[in-house]
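J.: These protein sequence lines are chains A and B, in that order.
For the first sequence, the UniProt record's numbering gives the first residue as 1, with consecutive numbering after it.
For the second sequence, the UniProt record's numbering gives the first residue as 1, with consecutive numbering after it.
Just so you know, these hints were derived from the structure itself, not from any lab.
Hints are supplied without guarantee of correctness; some may be wrong.
You can't tell identical chains apart in this list, so a pair holds if it fits in one copy or across any two.
Listed next, the in silico SDA-like pairs over lysine to any residue satisfying Cα-Cα at most 25 Å (straight line) [what the hints assert, rightly or not]:
id	residue 1	residue 2
1	76	26
2	19	59
3	3	30
4	76	1
Number of protein chains: 2
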Amino acid sequence: MSKATFYHAGCPVCQDAEKNMLGFLDPKVDVEVVDFNDDSSRISEAESAGVKSVPALVLNGQPYHINYGASMEEVKNG
Amino acid sequence: MSKATFYHAGCPVCQDAEKNMLGFLDPKVDVEVVDFNDDSSRISEAESAGVKSVPALVLNGQPYHINYGASMEEVKNG
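With these hints in hand, go ahead and build the complete structure from the sequences.
T.: Listed below in structure tokens is the structure:
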């Protein structure tokens, strides 16, 4: 089973990407959306996966940064 | 029908993204892969859609820049 985790921080770039991109994913993919505003404990997990900015999509462990909303430093200090 | 166009320029970042990301897309999506090395006439079309760097995925007209391979200026001058 393919696993996709979409990490975001509620910024407008993130919300746009979430709404549009997730609709293009295969329905068979196990998609999880993580908003750091709701669960900041997931930040370290995202950084371990190589996430440097949000929004980011981690596909089977490989991070893909999408456009640019905010750096992880901004997420942690925001 | 949803339309996805993946623009790239053959760089390693592009090839990795193409191989991994396209496998996550819904099989019902009409996916087109455009390599500027094969068809430089598509560069202006990509720029019109808002593509500023490759690899980029344009989903129903909305551009999403993925990680970072090369700027469009580098593509044009390369």
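J.: Decide, hint by hint, whether the structure agrees.
T.: Now for the hints, and whether the structure bears them out:
1. 76 - 26: Classified as neither; 31 Å inside a copy, 33 Å across copies.
2. 19 - 59: both (17 Å within a copy, 11 Å between copies)
3. 3 - 30: both (5 Å within a copy, 22 Å between copies)
4. 76 - 1: neither (31 Å within a copy, 39 Å between copies)
The structure is inconsistent with the numbered hints 1 and 4, although it conforms to all the rest.
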